[in-house]
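Student: Chains as they are written, first to last, in the numbering used here: chain C, 1 to 325; chain L, 1 to 171; chain W, 1 to 433.
None of these hints come from the bench; they were simulated from the model. Note that the Cβ used here is the ideal one computed from N, Cα and C, for glycine as well. A few of these clues could be false.
[Stated by the list, open to error] Take a look, some chain W residues computed to stay more than 12 Å from chain C by CB distance: (1) 5; (2) 8; (3) 95; (4) 201; (5) 222; (6) 231; (7) 262; (8) 267; (9) 277; (10) 320; (11) 335; (12) 424.
[Claimed, not checked] Heads up, simulated DSBU-like pairs for lysine-lysine below, C-alpha to C-alpha not over 35 Å straight-line: (13) W/422 with C/189; (14) W/422 with C/174; (15) C/261 with W/422; (16) C/35 with C/218; (17) C/242 with C/104; (18) W/389 with L/90; (19) W/422 with C/198.
[As the list claims (entries may be wrong)] Computed far set for chain L versus chain C, every beta-carbon distance over 12 Å: (20) 76; (21) 77; (22) 93; (23) 95; (24) 99; (25) 117; (26) 142.
Listed below, chain by chain, are the residues.
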Amino acid sequence: QTTVLRFSDLFPAAYPFGQLSAQFAKDVKERSGGKVEVQVFPSGTLTPPPQCYEGVLQGLSDMCQAVLAYTPGRFPVMESVDLPGYPTNSGRLTTRVANEIYQKFQPKELDNVKVLYLHAHPPGSIMTVDKPVRTLDDLKGMKIRSTGLSARIVTALGGSPVSMPITQAYDPLKRGVLDGTDGTFNTLKYYRFAEVTKHTTMATDVGYVSTFAVVMNKAKWNALPPEARNALEAVSREYVAKAGELWDRIEREGLEWGREKGHDFIKLPPAEMERWRAAVIEPLYADYTQRASAAGLPGADIVKAKRESIQRHAKEFPALDVPGK
Amino acid sequence: MAPDLEGRSRWGRALARLSDAWLAFAKACIAGMAVLVTLDVILRLVARAPIQGAYEVVGLLGALALCGALPHAQRSHAFIVVETVTEALKGRARALLQRAMLALETLFFGLLSLQFLAATQAMRVSRQVTDILHLPVWLAYAAIGAGFLSVTLVCAWQLVQPLAREGGDVR
Amino acid sequence: MSAEVAGLVGVLAALLLMFTGANVAIAMAAVGMVGVSLFVGVNVGFDSLAPTIFSRISNYDLAVLPLFILMGQLMFASGGGERLYAAARAWMGHLSGGLAVATVAACAGFAAISGSAIATAATIGAFALPEMRKAGYPMGFAGATVAASGTLGILIPPSVTFIIYGILVNESIGRLFIAGIAPGLLMALGFVAVVVWRERRRVGGDGRPPRASSRERLRALGGLAEPALLLVVVIGGMFGGVFTPNEAGAVGAMSALATGLARRALSWPAISRALTETVVTSAVVIFIIAASAVLSTFLTVTRIPFTLADTINGSELPQFVVLGLMVLGYLVAGMVMEILPVIIITAPIFAPIVVNMGYDLVWFGVLIVVLGQAGMITPPVGVNIFVVKRMLREATLGELFRAVWPFVGVMGAIVALMLAWKGSIDFFLGLFE
Ligand code: NA
Ligand code: NA
Numbered sequence: 001q002t003t004v005l006r007f008s009d010l011f012p013a014a015y016p017f018g019q020l021s022a023q024f025a026k027d028v029k030e031r032s033g034g035k036v037e038v039q040v041f042p043s044g045t046l047t048p049p050p051q052c053y054e055g056v057l058q059g060l061s062d063m064c065q066a067v068l069a070y071t072p073g074r075f076p077v078m079e080s081v082d083l084p085g086y087p088t089n090s091g092r093l094t095t096r097v098a099n100e101i102y103q104k105f106q107p108k109e110l111d112n113v114k115v116l117y118l119h120a121h122p123p124g125s126i127m128t129v130d131k132p133v134r135t136l137d138d139l140k141g142m143k144i145r146s147t148g149l150s151a152r153i154v155t156a157l158g159g160s161p162v163s164m165p166i167t168q169a170y171d172p173l174k175r176g177v178l179d180g181t182d183g184t185f186n187t188l189k190y191y192r193f194a195e196v197t198k199h200t201t202m203a204t205d206v207g208y209v210s211t212f213a214v215v216m217n218k219a220k221w222n223a224l225p226p227e228a229r230n231a232l233e234a235v236s237r238e239y240v241a242k243a244g245e246l247w248d249r250i251e252r253e254g255l256e257w258g259r260e261k262g263h264d265f266i267k268l269p270p271a272e273m274e275r276w277r278a279a280v281i282e283p284l285y286a287d288y289t290q291r292a293s294a295a296g297l298p299g300a301d302i303v304k305a306k307r308e309s310i311q312r313h314a315k316e317f318p319a320l321d322v323p324g325k
Numbered sequence: 001m002a003p004d005l006e007g008r009s010r011w012g013r014a015l016a017r018l019s020d021a022w023l024a025f026a027k028a029c030i031a032g033m034a035v036l037v038t039l040d041v042i043l044r045l046v047a048r049a050p051i052q053g054a055y056e057v058v059g060l061l062g063a064l065a066l067c068g069a070l071p072h073a074q075r076s077h078a079f080i081v082v083e084t085v086t087e088a089l090k091g092r093a094r095a096l097l098q099r100a101m102l103a104l105e106t107l108f109f110g111l112l113s114l115q116f117l118a119a120t121q122a123m124r125v126s127r128q129v130t131d132i133l134h135l136p137v138w139l140a141y142a143a144i145g146a147g148f149l150s151v152t153l154v155c156a157w158q159l160v161q162p163l164a165r166e167g168g169d170v171r
Numbered sequence: 001m002s003a004e005v006a007g008l009v010g011v012l013a014a015l016l017l018m019f020t021g022a023n024v025a026i027a028m029a030a031v032g033m034v035g036v037s038l039f040v041g042v043n044v045g046f047d048s049l050a051p052t053i054f055s056r057i058s059n060y061d062l063a064v065l066p067l068f069i070l071m072g073q074l075m076f077a078s079g080g081g082e083r084l085y086a087a088a089r090a091w092m093g094h095l096s097g098g099l100a101v102a103t104v105a106a107c108a109g110f111a112a113i114s115g116s117a118i119a120t121a122a123t124i125g126a127f128a129l130p131e132m133r134k135a136g137y138p139m140g141f142a143g144a145t146v147a148a149s150g151t152l153g154i155l156i157p158p159s160v161t162f163i164i165y166g167i168l169v170n171e172s173i174g175r176l177f178i179a180g181i182a183p184g185l186l187m188a189l190g191f192v193a194v195v196v197w198r199e200r201r202r203v204g205g206d207g208r209p210p211r212a213s214s215r216e217r218l219r220a221l222g223g224l225a226e227p228a229l230l231l232v233v234v235i236g237g238m239f240g241g242v243f244t245p246n247e248a249g250a251v252g253a254m255s256a257l258a259t260g261l262a263r264r265a266l267s268w269p270a271i272s273r274a275l276t277e278t279v280v281t282s283a284v285v286i287f288i289i290a291a292s293a294v295l296s297t298f299l300t301v302t303r304i305p306f307t308l309a310d311t312i313n314g315s316e317l318p319q320f321v322v323l324g325l326m327v328l329g330y331l332v333a334g335m336v337m338e339i340l341p342v343i344i345i346t347a348p349i350f351a352p353i354v355v356n357m358g359y360d361l362v363w364f365g366v367l368i369v370v371l372g373q374a375g376m377i378t379p380p381v382g383v384n385i386f387v388v389k390r391m392l393r394e395a396t397l398g399e400l401f402r403a404v405w406p407f408v409g410v411m412g413a414i415v416a417l418m419l420a421w422k423g424s425i426d427f428f429l430g431l432f433e
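Next comes chain C alone, as it looks inside the complex:
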């Protein structure tokens, strides 16, 4: 008989990652020979984003796509993936690093669930309304929408963080409550930020990352027949790559969209970029290492492993650039 799995997805159905979830459901059904049917509940309709992960633990949903950073403190090992310091802005790179950290440390924090696949969005940049940001000094005091880790980055850069969900940023950008927002390039198109901002400072070297986890309730997983589990695992393995590629595809779309709208993309000269990196990277890693160690985790090893993973793959996944005309 068929097992129905309720999948709580935080992405709206129309967003490319919402469509990817729908595709995932289709693939699972086909590959399991109809034994497993994934029922997607988009836009957090079943469990809102902050309750997404808890919902799987409790069995309200059978699986979910959660942003690990929405429940800070719960995933101290995986948190390291989100820290800035990626030399290229590829979502395939961040996704690869997330999976390698998970494989290497097999963190206890995810033991309560079955991890199906992990991916991570590429590092974000800073988009500004009127004032172009070409140097660190330009950013001083500018009101930039940012939350959590990204707010700490904005603070470290001398900006003035304003907390609000990225989905609410459009109106304040338009009205001038915000001078800018952080965000990945795809937001230029998919959150219509190109309409309300004129400049993007390509500061992905210090951009925050968010790790996404598609996880399943453990009891539900254990209750599945072996063939169904195999099918789910096989499909999930493919979706690591698919998710990474999708991030890069929509980032390119965002860049292309911005270029068409006459958006001004600012590249920082290497010396200036070095100032930005100095302001952000080491302090954040030091803070992370200290907190992880305090929690009894090998903080320094995790950071080292992450940096090695980046080095191994940076060449493989080169930076995305504004497409030429």
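Starting from the known structure of chain C, arrange chains L and W with the ligands on it as the hints suggest.
Tutor: Relative to the frame of chain C, chains L and W with the ligands by itself:
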């Protein structure tokens, strides 16, 4: 109307004091929230340096204010109730129906407090904290559980009161 | 039992509990919990209660909602409502139906600094009703004027109902606020037309206060200083990009506190009472929203919202029939019960259907708020009528409800306009954007 919590019973007086204390706490939360948000706006404009973590603290203050106001809301019969049917009934039938609903409310508030206290433990184990200030989330769960427990006590007290002589209304 | 049938049974059970006099919030949460327990698993129903409720009550957008109530409460406590009414009276009192016209105007003015319909009716009613009584107005009509005009509190921004709707359907609260201004003013004009027409029909028109002298008028204008200041700070700051709509309540409350203290019109006990009113009122509302999330979770699990949307999208029903049925549903529900819980449960279910028909969610938000206003004054359950009744001994509930229909007619006209003209929302937004 049920008799208020004051009066001769020691339990009633104690509960009145408890609900007053919660109410004062809830009012302080709302006042604090107004000050915090306004200061955040002003500092952002003037000093270009907003208050770190104001956003998450406002959310917590909102949750705490809610659970702090609930005992008083129950005590002063402020909850929204559709009275179309109860008002059409008379005498004993009406009193019984009201009492049954009060029993349901007592039961449910009791369940909520137990669930929040259980979730407090789960939150402690999960080590979940707030975004910027890293405040432990379980503290908020514990406070909310205590708030619901107080509402439960107020409800239970109203439930065990003898039927008031005139009409027997418990609301 | 199929999922959809289970969900339907759940909704009926919640309604039944509500009508037998249970706390509305608990009726919803209890049914939702039992539903999830039966449908997903007993422990799931119980264990998910706390996180479901916590994720709603710790939401920033909802957390700041009390501040929009506090702002109006503080303005009321410092006599702002009284002065607002005095000014409207000085300028319009001598006209035919002038005191009622002044009531409508004062309510519209107070609506711009208060997020709540009940608070607006109670604040202006406290001064308008005695004046109209003295002038010999039929009190059923006077009370209906206050009750109906008070509902402008949720249409003219800021508005607690728009905030709640915006959270539920994930729509910009700023856009909703802007969209409420034009229909709010239009409705106020419609109410003015109603009261003038009523007063002209009434024999005589005696008992009108004499025309105020120019000096009195100017002095009354002075009383408008704080409400006007507050309006400029709150509405101006919000739309001028100084702060977000979410932050407007806090800034407004602090401004009302500052002006009240400066005028020496606010004592500590008055501030304390305002805070008590604020926390209790908002706790009741927020608890309903949190509790409704438990019921919504159950309905979502049964996939009723999706099935309903698919059925309607796949059906051959013309749009006006679907929308007409929704409107009719809100009108009927608004008559027999408190409308806010109805909005809270249905808005997220109807939103995708409305979007699929090519309508803007802001359009639907304004429509729902106007229908909600109607629900607050239609018999047999009309909160704003109840609020007024408490301040009025001479009119029976029946008289109040009978006198309210012309005002409901104005609301109906606005609903009809919006239904007939899809682009109305762009027009409303365009006026103030
Ligand atoms: Na208002
Ligand atoms: Na009604």
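Student: State for each hint whether it applies.
Tutor: Against the structure, the hints:
no., hint, in the structure
1, 5, "holds (17 Å)"
2, 8, "holds (18 Å)"
3, 95, "holds (39 Å)"
4, 201, "holds (46 Å)"
5, 222, "holds (32 Å)"
6, 231, "holds (18 Å)"
7, 262, "holds (27 Å)"
8, 267, "holds (35 Å)"
9, 277, "holds (29 Å)"
10, 320, "holds (26 Å)"
11, 335, "holds (29 Å)"
12, 424, "holds (21 Å)"
13, W/422 with C/189, "holds (26 Å)"
14, W/422 with C/174, "holds (25 Å)"
15, C/261 with W/422, "holds (29 Å)"
16, C/35 with C/218, "holds (18 Å)"
17, C/242 with C/104, "holds (21 Å)"
18, W/389 with L/90, "holds (23 Å)"
19, W/422 with C/198, "holds (32 Å)"
20, 76, "holds (31 Å)"
21, 77, "holds (31 Å)"
22, 93, "holds (39 Å)"
23, 95, "holds (39 Å)"
24, 99, "holds (33 Å)"
25, 117, "holds (16 Å)"
26, 142, "holds (16 Å)"
Violated hints for the displayed structure: none, as all numbered hints are satisfied.
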